[in-house]
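Number of protein chains: 2
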Amino acid sequence: MAEPSLARLSALFFGFLLLLATYSWVPGLHSGYLSGTGVRKTLGPDLKLRVDHSSAKPHHPLDPLTVQEIERVRAILLDHEPGFGSGSATIHSMALDEPDKKRVVKWKKGNRLPSRRAEVLALSSGQSHVIIVDLDSGRVVSDVVNPTSGYPILTMDDLIVASQVALKSIEFNRSVEARGVKLSDLVALPTFTGWFGPEEEGRRILKVQCFTSQDTPNYFMRPIEGLYATVDMDKLEVIKIVDKGMVPIPKAAGTEYRYNVQNKPVHMDRINPISIEQPEGPSFLVEDGHLVKWANWVFHVKADHRAGMIISQATVRDSETEKPNSQILMFTNVERTGEPRSVMYKGFPSELFVPYMDPGELWYYKSYLDAGEIGLGPAAMPLVPLNACPRNAYYIDGVFASPDGKAIVQPNMICLFERYAGDVSWRHSEILIPSADIRESRPKVTLVARMATSVGNYDYTFDWEFQTDGLIRVTVAASGMLMVKGTPYENVDDLGDKQDESGPLISENVIGVVHDHFITFHLDMDIDGPMNNSFDKVHPEKQRVPTGKSPRKSYLKVKKYVAKTEKDAQIKLSLYDPYEFHVVNPNRKSRLGNPAGYRIIPGGNAVSLLDHDDPPQIRGAFSNNQIWVTRYNRSEQFAGGVLVYQSHGDDTLQVWSDRDRSIENNDIVLWYTLGFHHIPCQEDYPVMPTVAASFELKPANFFESNPVIGVAPIFEKDLPVCRPFASS
Amino acid sequence: MAEPSLARLSALFFGFLLLLATYSWVPGLHSGYLSGTGVRKTLGPDLKLRVDHSSAKPHHPLDPLTVQEIERVRAILLDHEPGFGSGSATIHSMALDEPDKKRVVKWKKGNRLPSRRAEVLALSSGQSHVIIVDLDSGRVVSDVVNPTSGYPILTMDDLIVASQVALKSIEFNRSVEARGVKLSDLVALPTFTGWFGPEEEGRRILKVQCFTSQDTPNYFMRPIEGLYATVDMDKLEVIKIVDKGMVPIPKAAGTEYRYNVQNKPVHMDRINPISIEQPEGPSFLVEDGHLVKWANWVFHVKADHRAGMIISQATVRDSETEKPNSQILMFTNVERTGEPRSVMYKGFPSELFVPYMDPGELWYYKSYLDAGEIGLGPAAMPLVPLNACPRNAYYIDGVFASPDGKAIVQPNMICLFERYAGDVSWRHSEILIPSADIRESRPKVTLVARMATSVGNYDYTFDWEFQTDGLIRVTVAASGMLMVKGTPYENVDDLGDKQDESGPLISENVIGVVHDHFITFHLDMDIDGPMNNSFDKVHPEKQRVPTGKSPRKSYLKVKKYVAKTEKDAQIKLSLYDPYEFHVVNPNRKSRLGNPAGYRIIPGGNAVSLLDHDDPPQIRGAFSNNQIWVTRYNRSEQFAGGVLVYQSHGDDTLQVWSDRDRSIENNDIVLWYTLGFHHIPCQEDYPVMPTVAASFELKPANFFESNPVIGVAPIFEKDLPVCRPFASS
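The listed protein sequences correspond, in order, to chains D and P. The letter at position 335 of the first sequence is residue 335 when you use full-length UniProt numbering, and the numbering goes up by one with no holes. The letter at position 269 of the second sequence is residue 269 when you use full-length UniProt numbering, and the numbering goes up by one with no holes.
Source of the hints: derived by calculation from the structure; they are not laboratory data. Misleading hints may appear alongside valid ones.
Identical chains blur together in the list; that is why a pair holds if it fits in one copy or across any two.
Pairs of lysine-lysine, DSS-like flavour, derived with a Cα cap of 30 Å [as the list claims (entries may be wrong)]:
| no. | residue 1 | residue 2 |
| --- | --- | --- |
| 1 | K560 | K244 |
| 2 | K537 | K567 |
| 3 | K240 | K57 |
| 4 | K589 | K101 |
| 5 | K537 | K244 |
| 6 | K589 | K564 |
| 7 | K557 | K235 |
| 8 | K560 | K251 |
| 9 | K102 | K549 |
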């Protein structure tokens with residue numbers, strides 16, 4: 001029996017994530033890296049770090065933990081529990097424990113930073129720990145054991161170990177080899193097991209499934225169907241092998257996708273080089289590494305282990321705000337200051353839920369909660385300049401902690417760039433006054449903050465796009481590979497009635513298993529401050545006109561309902577009973593008396609159709625509604641709970657919202673779930689064209705009038721002069 | 001009493017359209033213009049005509065009527081009915097009567113054009129005529145009188161005449177002046193009257209409402225509320241004046257939007273110049289004025305009086321099509337030809353429906369059908385280079401007929417450009433094979449065909465966007481001005497219970513009346529040819545798993561239903577009962593046996609909530625469903641009917657579909673309705689930020705695999721070198 005090579009052994013990771021090369025983890029590296037910082041090994045010519053992370057300091061209360069801070073947390077933890085040194089205790093995530101919102105809101109540049117704290121999710125002797133470490137005092141201030149069901153986010157070590165355990169099983173290897181797969185081609189992927197009742201309780205388990213990478217880097221299209229091993233992560237043993245017999249392994253031909261080795265002819269006329277050019281450079285500033293200033297916006301952006309990217313304290317300047325000047329007020333004159341006004345305290349993808357639609361023994365458990373089970377941050381590979389983000393993009397690194405508490409730098413994890421796509425922010429052509437020749441049109445230029453994460457086969461891109469008119473658009477774009485299933489069939493005609501079983505045939509011996517994606521965003525809206533926000537449901541209601549009153553028989557009349565409690569704000573969207581949803585500050589009224597507000601505008605969407613008593617849906621219960629509003633509670637950040645791995649669904653947004661707290665004129669959090677049903681087709685093979693979905697946060701009576709009415713059009717004289725590179 | 005000036009008198013048009021300056025219609029101009037062509041008078045420095053329209057000839061069976069052809073139709077009509085010369089008969093629209101689809105499909109470049117015919121909608125002695133003129137034989141081949149209820153599309157003359165009639169009424173003028181409005185500031189807008197039963201039958205009527213343009217070009221924000229005159233267009237007399245008494249006229253301050261006279265400070269950091277640059281020029285070709293070739297796409301584009309812009313014969317090259325070569329077939333070898341395959345025969349916005357939500361005497365009738373009542377073409381002002389379309393855009397003119405049959409050129413009505421917004425067409429980062437450092441990402445470059453029409457206050461932009469992966473995205477973007485209502489109130493607190501009457505207060509004395517927009521697209525999909533197309537409803541259905549069969553309790557199973565008849569394809573979208581909708585060619589199967597197809601993917605949408613017996617909804621019945629599929633019938637192009645003005649709704653898509661014809665394995669047409677509810681807010685004043693909605697046509701098992709897998713990434717060496725204009 002061939003021994004799997006070390007390279008192959010270490011190439012073990014979950015079908016929805018993999019961390020290995022990200023961490024460039026090889027034995028002995030820990031002690032060897034510079035200044036305690038591990039940086040991805042092969043940076044490539046396009047990766048230059050802008051920041052010297054070994055000496056970086058926090059500048060803002062929300063800045064993520066620095067390399068030095070992570071090292072200090074490690075030292076404090078070692079003191080608290082020696083198991084962190086011996087390996088019997090492991091760090092599963094470490095992130096800034098953000099200061100109280102009130103303190104952050106009051107903080108101004110130049111002030112001393114509020115005390116820095118870290119929240120550590122750890123595992124020690126099979127118990128989950130939520131530990132708060134105070135960096136100023138050097139003490140562990142709390143250590144809560146098993147606050148809910150579930151285990152902390154998985155580590156890369158968990159994935160490697162699970163694969164190693166499976167591959168040590170003679171029975172498992174025999175099953176692989178019986179299929180004609182050489183162990184040197186084997187890719188063993190530990191996958192998350194979900195939670196399906198008492199049977200699986202009381203121990204951490206992972207399920208290892210297999211692919212072959214023979215003749216292709218796209219092993220995802222070459223599943224070794226019909227086989228998996230369940231690994232007990234406490235006892236480090238295989239507790240079950242499911243082998244349902246041989247299924248043909250799909251061919252390698254046609255699966256290659258790398259440009260350098262591509263030989264597939266494309267019948268397409270050449271597209272000339274095209275780019276977004278800004279010869280004077282981009283218009284935004286990044287202060288102290290995380291504070292972004294652009295046009296009328298200021299916000300804080302940072303990388304996060306779990307959410308991937310977090311936007312905080314988004315404020316927009318209001319050109320019409322009138323600041324009473326005591327000296328001139330008497331003359332009814334006021335100063336227009338362009339006051340920055342609070343829109344959103346914090347926004348991020350809080351949890352993902354990806355249930356697959358195959359109840360069979362080999363697939364039933366596949367229903368992933370990516371953010372809480374493995375984290376979007378470590379899977380965010382460096383963005384490729386020019387291709388993942390356009391020219392003039394600015395890149396920000398992520399800094400995380402490894403399982404033993406050392407710092408790891410994830411370079412170029414976030415990019416910022418200005419987008420111009422040829423669209424208009426507003427336009428009007430007026431034909432009434434011919435002599436004036438009014439044809440007004442203003443190009444739409446926006447600022448995008450982007451993070452792309454490759455959770456194994458799927459690549460998700462998250463964009464936060466800021467417009468000068470006050471609108472924020474959040475877009476999730478999905479690409480990458482399908483998680484496919486092997487099948488004996490090569491043609492639809494052979495399938496007969498079976499063709500609808502778990503998905504369509506998308507290549508010979510390849511079934512694209514039907515699945516859903518739901519992404520729930522935490523949107524802590526703070527319209528003109530954290531307090532005094534309410535949630536208004538604005539409802540166009542069909543009215544029947546009494547006979548004889550009007551030639552019309554019906555019309556829509558808009559009524560407004562203020563949500564009193566959380567259950568009033570459990571919203572199922574409907575085309576036939578539409579509402580607008582506004583977060584308003586009833587204490588901040590416009591000149592006309594309208595409360596300042598922001599609307600959430602759903603785009604195309606899909607909802608989970610699974611039964612509410614189905615275990616995956618219990619754990620993904622945050623997808624039961626498309627919109628929720630909860631009372632602000634600093635512990636309620638992650639919609640699937642703090643401890644998600646094998647969780648029972650006892651700490652979800654559904655549970656919190658069912659407490660039905662008052663949400664009127666309070667500090668409230670808006671949640672929005674965006675979704676896709678994915679019924680695969682041939683075009684998704686061997687790599688999927690990008691599919692995107694968006695929602696918008698749009699000012700509604702927040703400004704006194706259209707805030708961009710005075711913005712300038714583009715003039716020829718302002719535009720660059722360009723020539724092809726070759727001729728320069 | 002001051003006499004309204006000629007300039008003001010001629011500045012009369014409908015609140016949802018105006019034609020005047022577009023046509024540059026001044027007395028005596030008809031005989032004076034060059035080669036029979038009227039061109040917009042003030043072209044401005046940015047308008048250059050690429051085509052010598054006086055000598056232009058048709059090159060393709062679908063090319064629009066040329067100036068010479070329009071002149072010839074006019075001559076033939078004069079011969080047919082002398083009333084066209086004397087003015088007792090008027091031409092309301094003239095367009096190419098497209099040849100039979102079969103002839104067009106067979107036609108190849110170099111072949112003789114099929115005989116050229118024109119369809120003329122005319123009015124003669126109060127009767128509607130649909131006239132077909134054959135240009136080759138020089139004969140009128142048919143002249144059908146009053147085929148349905150309704151009158152032809154309005155002309156500019158209709159609008160001018162209606163205003164003139166109203167302004168000749170002493171009573172009407174007295175009502176205006178009683179409000180303190182000088183007639184020299186008066187803007188009298190004829191508006192479409194809809195149809196509300198027998199009372200309004202048997203005569204053409206228009207309703208004239210008023211605004212003041214005192215101190216602003218944005219008279220739309222200064223309505224003279226409470227007053228309108230109904231004009232009988234046959235007798236040319238005012239038949240009714242409704243005067244509900246004085247309402248304060250909203251102030252002019254804050255309504256200006258022109259950049260040149262703007263003095264509103266905007267507190268916003270400067271955005272540096274930005275543009276989409278292609279130093280080697282754009283990659284598309286426009287052959288013979290209308291045939292666009294780009295990347296893997298070929299399509300025909302033309303301006304249209306009614307639809308604004310029509311896309312025809314969209315075909316996409318298929319890199320994987322295997323053309324059996326008789327010589328090599330025996331060796332199972334095949335030639336990959338990049339065969340162009342038919343996707344869509346014809347696509348265009350077929351009708352718009354814009355009902356306002358105020359049943360009062362002054363507003364009840366406002367429920368516009370813009371395409372059929374006035375036409376999107378003449379209201380499409382020339383696009384402004386750099387601002388309405390980006391650099392390197394290519395512009396195409398429209399050619400229409402005037403009411404007396406002379407040709408009019410509408411310059412720069414359509415633009416074509418390549419879009420790049422920093423997004424990806426697909427991506428994958430692979431961490432399994434560290435040594436390979438796989439981070440693949442392909443920029444998304446698309447081709448856009450754009451038309452923007454200013455139907456009075458509203459500006460609609462229509463984009464057809466073509467992607468290299470075979471996807472077509474259609475976007476409607478709305479901007480411009482609201483149609484607002486005067487009110488005595490200046491503050492929400494004064495309104496009390498009345499605040500919900502017909503819309504929110506958006507400025508002092510200004511109510512933004514709630515309204516809807518529905519745009520119904522005609523999408524004549526011809527997947528691999530006109531015949532043998534079917535409509536598949538692909539339905540993920542929730543299955544309950546029998547207890548004990550699986551740890552899962554539910555999952556989705558996809559079933560497919562083929563729509564047999566038109567009623568099977570009257571689709572109301574639902575989040576909770578979702579379907580995919582595919583137009584497929586069951587006779588064209590993929591290698592795997594899947595039928596070649598295209599999906600229609602709705603984006604965010606809204607539906608009409610009006611009662612089905614409400615007169616506006618009867619006429620706008622095409623909005624009763626979001627998707628319809630009908631049997632192809634060349635006369636069923638415009639969803640609101642051929643004759644829409646004052647139509648009774650007896651010739652709509654609903655009526656056609658209710659015939660319930662067979663649509664399986666046939667030549668079929670897909671219809672999609674996209675909608676917005678618009679509850680105005682302060683930010684919509686004095687001009688609205690753009691709101692956009694889209695739908696997509698996406699290949700589904702049309703290609704054997706992802707068609708862009710082999711497309712190249714961007715390399716630094718291919719990109720331009722730019723410098724600021726000033727330094728050049």
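Hint check results:
1. K560 with K244: For K560 and K244, the Cα distance is within 30 Å only across copies (29 Å; inside one copy 58 Å).
2. K537 with K567: within (13 Å within a copy, 35 Å between copies)
3. K240 with K57: For K240 and K57, neither the intra-copy (48 Å) nor the inter-copy (77 Å) Cα distance is at most 30 Å.
4. K589 with K101: Intra 24 Å, inter 60 Å, cutoff 30 Å: intra-copy only.
5. K537 with K244: Answer is neither: 52 Å inside a copy and 33 Å across each miss the 30 Å cutoff.
6. K589 with K564: Intra 20 Å, inter 56 Å, cutoff 30 Å: intra-copy only.
7. K557 with K235: This pair counts as neither: shortest intra-copy Cα distance 65 Å, inter-copy 38 Å.
8. K560 with K251: For K560 and K251, only the inter-copy Cα distance (28 Å) is at most 30 Å; the intra-copy one is 59 Å.
9. K102 with K549: neither (55 Å within a copy, 52 Å between copies)
When each numbered hint is compared with the structure, violations occur for hints 3, 5, 7, 9.
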